[in-house]
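Chemist: The chain contents come next:
Number of protein chains: 2
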Amino acid sequence: MRVGNKYIAIVNQKVAEELDLRAADRVDLKIGRRDLTAILDISEQKELGDNEVGLFAETWDKLKVKRGDRITVKIAPKPEGDKYIKKKLEGHELSADEFDTIIKEVVDDDLSDIEMTYFVSACFCNGLSDDETADLTRAIVKHGDQLKFHHKIVMDKHCIGGVPGNRTTMLVVPMITSLGYTMPKTSSRAITSPAGTADTMEVIANVVNDAKKLQKIAKKVGGFITWGGGVDLAAADDKLIRVRYPLKLDPEGMLLASIMAKKHSVSANNVIIDIPMGEQGKVKDKKAANHLKKRFLTIAKLLGMKMKVVITSADQPIGNGIGPVLEVEDILKVLKNDPDAPKDLRKKAIMLVSELLYLSPDYKLKSSAKRAAKKTLKSGKAYEQFMKIVKAQGEKKVPPIGEFKMVVKANKPGKVQKIQNKFIATIARQAGAPKDPGAGVVINAKLGDKVKKGSTLFTVYFENDDRMKYVKELKPVKAYTIN
Amino acid sequence: MRVGNKYIAIVNQKVAEELDLRAADRVDLKIGRRDLTAILDISEQKELGDNEVGLFAETWDKLKVKRGDRITVKIAPKPEGDKYIKKKLEGHELSADEFDTIIKEVVDDDLSDIEMTYFVSACFCNGLSDDETADLTRAIVKHGDQLKFHHKIVMDKHCIGGVPGNRTTMLVVPMITSLGYTMPKTSSRAITSPAGTADTMEVIANVVNDAKKLQKIAKKVGGFITWGGGVDLAAADDKLIRVRYPLKLDPEGMLLASIMAKKHSVSANNVIIDIPMGEQGKVKDKKAANHLKKRFLTIAKLLGMKMKVVITSADQPIGNGIGPVLEVEDILKVLKNDPDAPKDLRKKAIMLVSELLYLSPDYKLKSSAKRAAKKTLKSGKAYEQFMKIVKAQGEKKVPPIGEFKMVVKANKPGKVQKIQNKFIATIARQAGAPKDPGAGVVINAKLGDKVKKGSTLFTVYFENDDRMKYVKELKPVKAYTIN
Numbered sequence: 073m074r075v076g077n078k079y080i081a082i083v084n085q086k087v088a089e090e091l092d093l094r095a096a097d098r099v100d101l102k103i104g105r106r107d108l109t110a111i112l113d114i115s116e117q118k119e120l121g122d123n124e125v126g127l128f129a130e131t132w133d134k135l136k137v138k139r140g141d142r143i144t145v146k147i148a149p150k151p152e153g154d155k156y157i158k159k160k161l162e163g164h165e166l167s168a169d170e171f172d173t174i175i176k177e178v179v180d181d182d183l184s185d186i187e188m189t190y191f192v193s194a195c196f197c198n199g200l201s202d203d204e205t206a207d208l209t210r211a212i213v214k215h216g217d218q219l220k221f222h223h224k225i226v227m228d229k230h231c232i233g234g235v236p237g238n239r240t241t242m243l244v245v246p247m248i249t250s251l252g253y254t255m256p257k258t259s260s261r262a263i264t265s266p267a268g269t270a271d272t273m274e275v276i277a278n279v280v281n282d283a284k285k286l287q288k289i290a291k292k293v294g295g296f297i298t299w300g301g302g303v304d305l306a307a308a309d310d311k312l313i314r315v316r317y318p319l320k321l322d323p324e325g326m327l328l329a330s331i332m333a334k335k336h337s338v339s340a341n342n343v344i345i346d347i348p349m350g351e352q353g354k355v356k357d358k359k360a361a362n363h364l365k366k367r368f369l370t371i372a373k374l375l376g377m378k379m380k381v382v383i384t385s386a387d388q389p390i391g392n393g394i395g396p397v398l399e400v401e402d403i404l405k406v407l408k409n410d411p412d413a414p415k416d417l418r419k420k421a422i423m424l425v426s427e428l429l430y431l432s433p434d435y436k437l438k439s440s441a442k443r444a445a446k447k448t449l450k451s452g453k454a455y456e457q458f459m460k461i462v463k464a465q466g467e468k469k470v471p472p473i474g475e476f477k478m479v480v481k482a483n484k485p486g487k488v489q490k491i492q493n494k495f496i497a498t499i500a501r502q503a504g505a506p507k508d509p510g511a512g513v514v515i516n517a518k519l520g521d522k523v524k525k526g527s528t529l530f531t532v533y534f535e536n537d538d539r540m541k542y543v544k545e546l547k548p549v550k551a552y553t554i555n
Numbered sequence: 073m074r075v076g077n078k079y080i081a082i083v084n085q086k087v088a089e090e091l092d093l094r095a096a097d098r099v100d101l102k103i104g105r106r107d108l109t110a111i112l113d114i115s116e117q118k119e120l121g122d123n124e125v126g127l128f129a130e131t132w133d134k135l136k137v138k139r140g141d142r143i144t145v146k147i148a149p150k151p152e153g154d155k156y157i158k159k160k161l162e163g164h165e166l167s168a169d170e171f172d173t174i175i176k177e178v179v180d181d182d183l184s185d186i187e188m189t190y191f192v193s194a195c196f197c198n199g200l201s202d203d204e205t206a207d208l209t210r211a212i213v214k215h216g217d218q219l220k221f222h223h224k225i226v227m228d229k230h231c232i233g234g235v236p237g238n239r240t241t242m243l244v245v246p247m248i249t250s251l252g253y254t255m256p257k258t259s260s261r262a263i264t265s266p267a268g269t270a271d272t273m274e275v276i277a278n279v280v281n282d283a284k285k286l287q288k289i290a291k292k293v294g295g296f297i298t299w300g301g302g303v304d305l306a307a308a309d310d311k312l313i314r315v316r317y318p319l320k321l322d323p324e325g326m327l328l329a330s331i332m333a334k335k336h337s338v339s340a341n342n343v344i345i346d347i348p349m350g351e352q353g354k355v356k357d358k359k360a361a362n363h364l365k366k367r368f369l370t371i372a373k374l375l376g377m378k379m380k381v382v383i384t385s386a387d388q389p390i391g392n393g394i395g396p397v398l399e400v401e402d403i404l405k406v407l408k409n410d411p412d413a414p415k416d417l418r419k420k421a422i423m424l425v426s427e428l429l430y431l432s433p434d435y436k437l438k439s440s441a442k443r444a445a446k447k448t449l450k451s452g453k454a455y456e457q458f459m460k461i462v463k464a465q466g467e468k469k470v471p472p473i474g475e476f477k478m479v480v481k482a483n484k485p486g487k488v489q490k491i492q493n494k495f496i497a498t499i500a501r502q503a504g505a506p507k508d509p510g511a512g513v514v515i516n517a518k519l520g521d522k523v524k525k526g527s528t529l530f531t532v533y534f535e536n537d538d539r540m541k542y543v544k545e546l547k548p549v550k551a552y553t554i555n
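Going down the list, the sequences are from chains V and S.
Each residue of the first sequence is one higher than the one before, counting from 73 in this note's numbering.
Each residue of the second sequence is one higher than the one before, counting from 73 in this note's numbering.
Quick caveat, the hints were computed from the structure, so don't treat them as lab data.
Just so you know, not all the hints are guaranteed correct.
Pulled a few chain V residues facing chain S out of the computed Cβ check, cut under 7 Å [as the list claims (entries may be wrong)]:
id	residue
1	161
2	165
3	181
4	196
5	197
6	317
7	318
8	322
9	542
Just so you know, even glycine gets a beta-carbon here, dropped at the ideal spot from N, CA and C.
Bound conformation, chain V alone (with noise of 0.2 Å):
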């Protein structure tokens, strides 16, 4: 056991005294050759001898430990980021060498949860410029996995998320690749959303992959779309997500180099960002989305990076599933030329293949863009691609829909004026999504629809019928306002 991220070596208040160490203080640990650097804690409890030290299995194993053996305690350094992360708290800009180091050690386990803190909160309160967010982005790169590939092109795509149901990426990555393109596509897991692109492919194939074996199915099928936290990109980053996470801290610049290390550390250098935008989503109005999209293109600039922002509506769900097996079923539907395929969903995946194409030298109109991107669609051939990226993955039986469902009607009649997404994502989740990936909700009137009293607005799936209560209990109808 390791408490966060550091080996913790623990004695009595006495000996602490003695040697003149206080809590939080590093301490090299020697036996025999074997070294380690662990954090010193002090304990209180009257369990420790005086010529004693505590350690957890995970420090005793790693220093191989025999009980009785003797043990050499001595105050070790500070690490080097330390007076860094000082300076960035001071308010003082930092270096490429220096976020470097700091990185470096994040990602050695050398700095504390404490000091990782103090690196969080720094970049909150006192903002990371532009240069200081790429050379962030360098540091977190040059500490983790990185792809590497002969192509000239690689393309790749970011939402900064909100919109329930959005799954653009399962449409845009076959897409994108069947036109000859690479796309090396890392996604994440729902953390309090009923599914994340990570999730909703783990329905159809296998999504927990090695950097080795992503870049052998890149190099056989083009591309992939698999879980981000299956490869250790960005390792840096995952650290500092514990640390972030009690006060669901996201610093702004922290956030930026994040998305643009995913993107670096793949080699991608032709990028498409999508700003979902409006009261519900995460960027509120135009002066906030402009805001961003100026800070993602000069980040992408100093990164020798192309890119397209699009900013788009967070005003409602995107496609009519929401959960996994529902967004499959969405994705598939769309790939198959099905009449019944949510138009909204089909038409961002074109507008966003279409975008990305354009950034490219190979296509010099916008026109003639769109038409590459309606016409794999079409041809049938982007979904040719898609089961054999699925197939390189590792092909899974998609599970069915949830054998029960809660019919939400409307109360009055109506048009519908406002969808709320966050409380449909909690329907959703409430009815089991993502563990239960047969779980979720398809919505059956969009933004606009008039809607006669008893109409159906959207229907809640449930794998398990004991999750039914909770959502009854949520009331569902108001999810929806009718006007």
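Given the coordinates of chain V, assemble chain S onto it according to the supplied hints.
Modeler: Chain S only, in chain V's frame:
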């Protein structure tokens, strides 16, 4: 064992996923009717089964667990303070109630190291207004022990430190209390210096006393000089210092609140603050000193405290001795009107006492306050009073001065232009102070003194002659600039 200040519970990765728990989440542990909130950690090792929770001894004892007991683990709400800490990180001012909530949770061990670190960062980066500082002070006082006196006037002093040998407290307290005032003084031990007032007092009297005992001593002899760490005044402070330590972070508002809380919690209402200023001091110049002075005065007013702030010189050590026993020798010489008593220490003590007396309504003229200060020294009343305090706290036999000495001589003739305080402190500490109470430095030549080649500049005393080589390596003569 607790890690940091929290109870810890550990589950394996699979259990964490099933319960939708993340590292650093709070969990309620329940066994029968006993429950406890712990911070969750997730083990990557195989040591825990899917139905097991790992607990440290302290948690185990607290919950009165028996091996094999059935335990319920449930996610617990986040502490309320989190949202105020985030608010402060975002740059907003906090209200009195919000500080109160945070400090209560700090004292109750409801906040993790990560959360406390965010709080310190927020105060450091965004600063605390005077109102906020006063509110934070009140919260710290409220959630700690307090001493109450029936006397109308309770005096106190504080020096922001940084000057070796500056042991005025041990003169001011007996002088003031000999004149019939109450002066309950808590002091600190050395952290990186060769002696704190508590270390020096400790060679002649016991300094570890609880609030009840201290109240009794003050009632009997009017005051005390004790170690602040022995009593739970300003308890929150000690907890926050733990997370401030790794980066040695001193947010100004937090520092002010910490000082003021220590005065306020002993009911002090007439307080003198000593700010040593100079290029070697903690406060470098007039501007910084005046800024601090103004803040002290404003916050004192908000707390209903009469205050005088004096700006003194940080250019050289005060008194001759540096190190616990050597400093006690100086103090006893001043109190006994020894002709060898260091004049600068005597003069500074008289100045501080005069200013404190003049602050009270009892002295209308500064000149009469000064006369009273001098008289209590000269008459031997202050010495008598000092011994009363020593006896009330528990007298100890003063250990001898270290038996080994090293005389550091001028290597050229001239005038003493500069004495490097920090270097002198390092020498005294390397000589063994404060752990070896008889070790330290005696200053033989002060600023402006004319010296010949070979004149003694200062003498280093050791209890242990092994340490002489370390001091030699430092090239101690460099502590003086002679020209």
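Chemist: Now look at each hint and say whether the structure bears it out.
Modeler: So, going through the hints one by one against the coordinates:
| no. | hint | in the structure |
| --- | --- | --- |
| 1 | 161 | 6 Å, holds |
| 2 | 165 | 15 Å, violated |
| 3 | 181 | 13 Å, violated |
| 4 | 196 | 6 Å, holds |
| 5 | 197 | 3 Å, holds |
| 6 | 317 | 6 Å, holds |
| 7 | 318 | 5 Å, holds |
| 8 | 322 | 11 Å, violated |
| 9 | 542 | 14 Å, violated |
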